[in-house]
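Given chain A, work out where chain B should sit, using these hints.
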Amino acid sequence: MPGKLFTRRRDGRIEVRLSDAGRGVIREVFAHVLAAERDPGHEWHLSLNAPINPSSDDDDPLSSLARQNEIATNAELSVMTLKEQYLTDAEAWAWLSTLQVALRSTAVVNGILSDEKLESAAPELLEDIRTMQQFLFELAACF
Amino acid sequence: MPLRSSSTESDVETEVSVITERPWNVIVWNDPVTPMTVVVVVFKRIFGYSNNKCTHLMMTVHHEGRANVWSGQRERAESYCVKLQVAGLQATVERDA
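Protein chains in written order, with the working numbering: chain A, 1 to 143; chain B, 1 to 97.
So that you can see chain B by itself, here it is in the shape it has in the complex:
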């Protein structure tokens, strides 16, 4: 195999690999009616996080308007997003910047 061709293929493969590794984030958005305790128990039930982590994430949603509650593969991110929506929270997925 010619050296030049091999080198080009390697470069392309590296780029594809980097793109694939960009995670998907599950975002929960603030709203004015959902009780804070509900947000905490939903995070705890769906993700199994500790009380402290759930409370911290809930406060981030409250103060900053949104929080990234999970990152990883797209399929799992969408699955978590659906679970959050089924529990009545406003959630979306987005690709990590």
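Next up, chain A with everything else stripped away, as it sits in the complex:
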């Protein structure tokens, strides 16, 4: 049975046991989120700016700005800690949030909005989604 990819230590830090290949996948995912937040033309940009109050024509600009700042901060912190063997609680939370943002953005831009669509997704896309889900599943177990 393969070992855990993330483990919460007694001192509160989270140990990252990803291989170089695993860190490579994570690096690519984090870079995409950061790029999407900065570039309005990025295919994930719209999914990062979903409506907060759909009954209103426009969302409160302060709420939208807070969301933009927090997503960017999480992505930046995640990129800065990519090579770390041990993450603080806040760093690990940034990883989890950024990975989850990437997972949902991947689903949204590929029209995967139902279980049926997920099951009929192209094998390569499905593998990307399963990989992110596995990382998230194991990281979430540390919280």
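Please keep in mind that the hints were generated in silico from the structure rather than gathered at the bench. For each residue, glycine too, the CB sits at the ideal point set by N, CA and C. One or more hints might be untrue.
To give an idea of the chain B side of the interface with chain A (calculated C-beta under 10 Å), a few residues [unchecked claim]: (1) P23; (2) V33; (3) V39; (4) K44; (5) L57; (6) T60.
Short, incomplete list of chain B residues facing chain A, as computed with Cβ under 7 Å [said to hold, decoys possible]: (7) P35; (8) T37; (9) I46.
Using the frame of chain A, we list chain B on its own:
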């Protein structure tokens, strides 16, 4: 002050008060890719709910397609909604029916 005028003002004030008290709900929507454990830890981290309550809310999202996870003032509802979106969940706010 004339009695009639006073009575009318009182009626208007009562209506305004009722409208103001209608809460705003934070709604989390189901999606086919988010792991259930992620939903639970996000609820726990953002709202500080118990494990049982977080699991119950997650199952409501899973089975019913959506769950009302918090109700109250509009500003706080929007703030919670933003936190949920930053954590990658699909969330919106709506006024209580």
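Here is how each hint holds up against the structure:
{"no.": "1", "hint": "P23", "in the structure": "14 Å, violated"}
{"no.": "2", "hint": "V33", "in the structure": "4 Å, holds"}
{"no.": "3", "hint": "V39", "in the structure": "9 Å, holds"}
{"no.": "4", "hint": "K44", "in the structure": "7 Å, holds"}
{"no.": "5", "hint": "L57", "in the structure": "15 Å, violated"}
{"no.": "6", "hint": "T60", "in the structure": "17 Å, violated"}
{"no.": "7", "hint": "P35", "in the structure": "5 Å, holds"}
{"no.": "8", "hint": "T37", "in the structure": "4 Å, holds"}
{"no.": "9", "hint": "I46", "in the structure": "11 Å, violated"}
Comparing the model with each earlier hint shows violations of hints 1, 5, 6, 9; every other hint is respected.
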